[in-house]
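Number of protein chains: 2
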Amino acid sequence: MSKTFDVVGIGNAMVDVLARCDDAFLSEAGVEKGIMQLIDMDRAVELYGNVGPAREVSGGSAANTIAVVAALGGSTAYVGKVKDDQLGAIFAHDMRAQGAIYETAFAPADDEAETGRCIVLVTPDGERSMNTYLGVTENLSPSDIDEKQMSDARMIYLEGYRFDGPESHAAFAKAIAATKGAGGLVSLTLSDPFCVERHRDAFRAMLRDHVDLLFANRDEICSMYQTTDFAHAVSQAASEISIVACTDSENGAHILSGEARWHAPAYPVDIVDATGAGDAFAGAFLWAHSKGIGLETCGRMGCLAASEVISHIGARPEADLSELFKQHGLL
Amino acid sequence: MSKTFDVVGIGNAMVDVLARCDDAFLSEAGVEKGIMQLIDMDRAVELYGNVGPAREVSGGSAANTIAVVAALGGSTAYVGKVKDDQLGAIFAHDMRAQGAIYETAFAPADDEAETGRCIVLVTPDGERSMNTYLGVTENLSPSDIDEKQMSDARMIYLEGYRFDGPESHAAFAKAIAATKGAGGLVSLTLSDPFCVERHRDAFRAMLRDHVDLLFANRDEICSMYQTTDFAHAVSQAASEISIVACTDSENGAHILSGEARWHAPAYPVDIVDATGAGDAFAGAFLWAHSKGIGLETCGRMGCLAASEVISHIGARPEADLSELFKQHGLL
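Note that the protein sequences, when read in sequence, are chains S and U.
Going by our numbering, the first sequence opens with residue 1, and the numbers climb by one from there.
Going by our numbering, the second sequence opens with residue 1, and the numbers climb by one from there.
No incorrect hints appear here.
Negatives, chain U to chain S, calculated, CB over 10 Å:
no., residue
1, Ser75
2, Ala105
3, Asp125
4, Asn139
5, Phe163
6, Pro166
7, Ala182
8, Phe194
9, Tyr225
10, Phe230
11, Gly252
12, His263
13, Pro268
14, Asp270
15, Ser311
Which residues of chain S face chain U? A few of them, derived with a C-beta cut under 8 Å, are:
no., residue
16, Tyr48
17, Val51
18, Gly52
19, Pro53
20, Ala54
21, Arg55
22, Glu56
23, Val57
24, Ser58
25, Asp85
26, Gln86
27, Leu87
28, Ile90
29, Gln98
30, Gly314
31, Arg316
Derived from the structure by calculation, the hints contain no laboratory data.
The beta carbon of each residue, even a glycine, is placed where N, CA and C say it ideally should be.
Next up, chain S with everything else stripped away, as it sits in the complex (with noise of 0.2 Å):
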């Protein structure tokens, strides 16, 4: 059956603010280094404060994973609720200007919390840590899921952050049940190991039940499975999920599907901002499946969509994705 859409994303809707700082910054201002924090807004104040010269740009990990899909060209939608601001717009714009359907229902502008910002401190090693103020975007509710819109998708892109919340868990059984009623299938990324801890047995009914398609790095599987063991993990959930991308820095990812097993390189690159890396990953590997382009290289086009988005502040690709797949055979 033809579907308009051919990937549509559910996550958390921000603009990230970027600024670099080094290691005894994060100390002082007690920043734990290469994980995601959540503040609220007194601390995003205090933090934004101390923080050098920035610069904003759209983020949120699914939005970034969508944006990816739309740059290669794919056909999407991204549902995450930003308010009626000046950030919102700005969100809104990049998301519509990469191409994806963007018509979330904004929070009204007399709402108390703002739109969502996550303020990225970046140090010399290019290790991001992330301190996000969510905002509106935690208010995403079964409302604002469209199930027509769901259920015109080939597959949905799940943000494993956006659990957090207290109807949001309701808004993905919505999505899912929508998008699976109609034959599409469900990608799930468990985006963080830390939210793993604190949805691990929601998380863990969903994948038995509801994933098609799970991307999580080293750290987020063994959280899943509670094991320090990287190889069991993965066996594992390739035991109960369809097809397992499972990323691990710079030694690549490993890609399973039953008993097929795969290995796709990193593609070596100097690392300025790591932001976004699995983000883009999960992009190119959606964007290559759902065009039946087989799951080895569907991994490789990932790793290589990574290697760009590290190369250069920002978490959104800046360089020509169906370029450089051409330039390295992938196309």
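We have chain S; now place chain U onto it with these hints.
Coordinates of chain U only, in the frame set by chain S:
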């Protein structure tokens, strides 16, 4: 007499919205290439709706210059109006985070105009075409000028662009009087050839009567003296102004003071985005001049700072300029 500030800048406070496009886009959108055009909010909305994904960074010509002086360790303040909105907060943050004193009166949140923004369209050749919605920055008036601050400046730096605005002539006059009255110096950038067209007589009077240091590029100074003979225009400027620093793109800069003349060559670099080249030149020159460094070296530092800024997207330096000056034997 000891002064608190090396340089105090007065100009249009703007947030830049940077997007890449091709020449065909400029033609279709009716944007004239390479210059600054003033636009209203409707046009800003229309243009923004058509451009691709963008990034937001603090801009404003004199603000970029002050950011460079501050980044080099100079003591600075900046005067330019923003609104108490999200873009205004971004501008204020980046100014202060760079170390500049920025205590401008925020325009009230119910002001009809918003914080100024400049939609900068960058073509593949690195040329930038600027589309400026002035917003509240246009309302700079004498009441925004703190005479005590101006009298505490070794030099003020006036942005020619800010001459567009009902009360700005009076604001400039007030700033000049306070600075000069306390023995400080006045510098000015002509900003743009069309800006010179609009205000030639007022600029001429100011040059003759008040300006100690003039920044201009080839087109601007030719427009100022209504000639196509660059050498003649520069000489004429030098006959009425103590120091003239005139940039000429890839030909570097000419520095004139009385009978003395120097040429500072440009540093060859791949141009990614020409936005802010002149601003960075002025910033490095002003800093060096305030430190008593010879005029020829001031010019060389200006050219080197400009080369750094045009080698990446965005109008403010990303590299450590002091370090760069040392590497090139200028410090």
